[in-house]
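Those protein sequence lines, which keep their order, are chains F and R.
Numbered per the numbering used here, the first sequence spans residues 1 to 131.
Numbered per the numbering used here, the second sequence spans residues 1 to 88.
If you are wondering where the hints come from, they were derived from the structure by calculation, not from laboratory data.
A hint or two may mislead.
In silico DSSO-like links for lysine-lysine, alpha-carbon gap of 30 Å or less [stated by the list, open to error]:
#  : chain 1 : residue 1 : chain 2 : residue 2
1  : R       : Lys50     : F       : Lys91
2  : F       : Lys43     : F       : Lys17
3  : F       : Lys13     : F       : Lys26
4  : F       : Lys105    : R       : Lys78
5  : F       : Lys13     : F       : Lys43
6  : F       : Lys105    : R       : Lys50
7  : F       : Lys91     : F       : Lys40
8  : F       : Lys43     : F       : Lys91
9  : F       : Lys105    : F       : Lys43
10 : F       : Lys26     : R       : Lys46
11 : F       : Lys91     : R       : Lys46
12 : F       : Lys91     : F       : Lys105
13 : F       : Lys91     : F       : Lys13
14 : F       : Lys40     : F       : Lys26
15 : F       : Lys91     : R       : Lys78
16 : F       : Lys13     : F       : Lys40
17 : F       : Lys40     : R       : Lys78
18 : F       : Lys105    : F       : Lys40
19 : F       : Lys43     : R       : Lys78
20 : R       : Lys46     : F       : Lys13
21 : F       : Lys40     : F       : Lys17
22 : F       : Lys43     : F       : Lys26
23 : F       : Lys91     : F       : Lys17
24 : R       : Lys6      : R       : Lys50
25 : R       : Lys46     : R       : Lys6
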Amino acid sequence: MREAHPTDEWQMKSNVKDDVCYVQPKTLEQRLTIANDFTKRFKYTVPFGVDDMSNAAEAAYSAWPERLYVIDETGRIAYRGGMGPFNYDPKEVRAWLSARYGEVKHPETNSEAPAAVPSATPASAIPDKKS
Amino acid sequence: MPLFWKLAIGIFLFLLLAVFAGLSYMAGSPRDAYGMVRYALPHMHKGTLKVGDDAPDARLLALDGETHFHIRERTGQKPLVLVFGSFT
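Given the sequences, and given the hints that come with them, work out the whole structure.
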């Protein structure tokens, strides 16, 4: 999906401080490069998917700039998180999963990795730290 | 210009300024308020998906740059958490 704070649009001071400076990708290759930079920098291990340049996944899930969903075993939306960044709440998802499926065994993340990840990402774990 | 229109324009400008000041406070600075209005708000949508709806499918590219997969390929065995976002 589209970068939220690229250098050629609404860049944040924190992006400069954290050395996360990219122009808005115009090709899928550029988007892929950013995704790989992210996973390498933060050693992110959950499965990753990069949205196409039409932002199909972003549109289908109204996901920009960041959002969380849970799809249950029947393929239906079981949890719909609020719109990011203000209502992006990994802890709420963790609590929801615990209530429905029992204790979440994946450890809470306290790294400096941003909660936002560079793509639409089916994941088996939830980042819990927001930077 | 009639007094009514002077007042109306004055009130409108005051409200415009108040909204911009509020956005600047919320976003952190006037520059960020501009960024929010220009680049963020047009892309933020609550959406129409509801709990209980069939999860939409979408084709994604894996990090190797060659393999594609569909979100719905990953559903069915166990719950799937989708984390959407960008690096910046």
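How the hints compare with the structure:
no.: 1; hint: R:Lys50 <-> F:Lys91; in the structure: holds (20 Å)
no.: 2; hint: F:Lys43 <-> F:Lys17; in the structure: holds (20 Å)
no.: 3; hint: F:Lys13 <-> F:Lys26; in the structure: holds (23 Å)
no.: 4; hint: F:Lys105 <-> R:Lys78; in the structure: holds (15 Å)
no.: 5; hint: F:Lys13 <-> F:Lys43; in the structure: holds (24 Å)
no.: 6; hint: F:Lys105 <-> R:Lys50; in the structure: holds (27 Å)
no.: 7; hint: F:Lys91 <-> F:Lys40; in the structure: holds (24 Å)
no.: 8; hint: F:Lys43 <-> F:Lys91; in the structure: holds (21 Å)
no.: 9; hint: F:Lys105 <-> F:Lys43; in the structure: holds (19 Å)
no.: 10; hint: F:Lys26 <-> R:Lys46; in the structure: holds (25 Å)
no.: 11; hint: F:Lys91 <-> R:Lys46; in the structure: holds (20 Å)
no.: 12; hint: F:Lys91 <-> F:Lys105; in the structure: holds (14 Å)
no.: 13; hint: F:Lys91 <-> F:Lys13; in the structure: holds (26 Å)
no.: 14; hint: F:Lys40 <-> F:Lys26; in the structure: holds (22 Å)
no.: 15; hint: F:Lys91 <-> R:Lys78; in the structure: holds (20 Å)
no.: 16; hint: F:Lys13 <-> F:Lys40; in the structure: holds (22 Å)
no.: 17; hint: F:Lys40 <-> R:Lys78; in the structure: holds (27 Å)
no.: 18; hint: F:Lys105 <-> F:Lys40; in the structure: holds (24 Å)
no.: 19; hint: F:Lys43 <-> R:Lys78; in the structure: holds (24 Å)
no.: 20; hint: R:Lys46 <-> F:Lys13; in the structure: holds (27 Å)
no.: 21; hint: F:Lys40 <-> F:Lys17; in the structure: holds (19 Å)
no.: 22; hint: F:Lys43 <-> F:Lys26; in the structure: holds (25 Å)
no.: 23; hint: F:Lys91 <-> F:Lys17; in the structure: holds (26 Å)
no.: 24; hint: R:Lys6 <-> R:Lys50; in the structure: violated (47 Å)
no.: 25; hint: R:Lys46 <-> R:Lys6; in the structure: violated (38 Å)
Checked against the numbered hints listed earlier, the structure breaks hints 24 and 25; every other hint is satisfied.
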